[in-house]
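Trainee: Given next are the chains, with one letter for each unit.
Protein chains: 2
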Amino acid sequence: MADECLFDFLHMEIVSHMYTEQQSSKGEMDNKDRAVCVSVLESMGFRVGQGIIERLTRDSPSFKDELDVMKFVCKDFWTKVFRRQVDNLRTNHQGTYVLQDNKFSFLTQLSSGKQYLDQAPKYLAFSCGVVRGALSNLGMDSVVTAEVSVMPSCKFQVVVQKL
Amino acid sequence: MADECLFDFLHMEIVSHMYTEQQSSKGEMDNKDRAVCVSVLESMGFRVGQGIIERLTRDSPSFKDELDVMKFVCKDFWTKVFRRQVDNLRTNHQGTYVLQDNKFSFLTQLSSGKQYLDQAPKYLAFSCGVVRGALSNLGMDSVVTAEVSVMPSCKFQVVVQKL
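Protein chains in written order, with my numbering: chain A, 1 to 163; chain B, 1 to 163.
Since the list can't tell identical chains apart, any single copy or any two copies may satisfy a pair.
With a straight-line cut-off of 30 Å between C-alpha atoms, the simulated DSSO-like cross-links for lysine-lysine are: (1) Lys80 / Lys122; (2) Lys103 / Lys80; (3) Lys114 / Lys80; (4) Lys75 / Lys155; (5) Lys103 / Lys114; (6) Lys122 / Lys103; (7) Lys122 / Lys71; (8) Lys32 / Lys155.
Worth flagging that the hints you see were computed from the coordinates, not collected in a lab.
For reference, chain A alone in the conformation it holds in the complex:
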């Protein structure tokens, strides 16, 4: 439990700090303020993802294609960072991937069911950044978004940006 809960608690503190700060400086939060919070958390995640993938792939052979990278992210990377493998990976073979995690580790602590569904996005911004950072260091620029319909299940959509 050690580091696991250390990370979980710190992550929650950061999310709440960002939102409280933004709220206290403006009184009330509108969509723009929320976007600022999400963006700060996402970019923190981005750099964390970069750092982790760098260590993780140090001794890995190179990947043969985009799908190969995605499989690595869904298995090895996901296990290291989110403590389990992705349950389902789908792709349209045109650069869009959907990664489904039925028990997403950042949400399991929060709730199961629909009660706190509106709170979920706060806790996913960092994770989206982590995934985007990892992919970026593996040579794939992407846009990563997350969607929750029932907690703690979560769908990440990765859209690879072609140059």
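Please build the complex by placing chain B on the supplied structure of chain A, with the hints as guidance.
Mentor: Chain B in isolation, oriented as in the chain A frame:
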């Protein structure tokens, strides 16, 4: 390495975020700005420490005195949070404790030696808060400070506040 490095990277991001934010809003940082950063990081740590000790002592018997609490913090708590035990615990038996960790886990990644000594305080504020939070939940209000003379060794001073 999983969660360990996840936490390490996030912790570094937070520290750098706090300092960059404070700096960018003011141009240059003075002692007061630095104090604000330290205080925000310390209070994040405080709540994290509270959360961790709550889980950790769920099934523990109660402690017989202050020294007993400190020993628990130096052994079990330290191992869970900072990945090793405290190397040396001293006390004047009047409410002051000095906890020496010769390889403090938050500093080992940073440097060994004196080169980045001036950067160390940034990375200790959160830890001081964690220790203070844990002690607070065990019924001991305290002031916790940290001192580094050669990295990665670190001395924490705990001064218990008597009512």
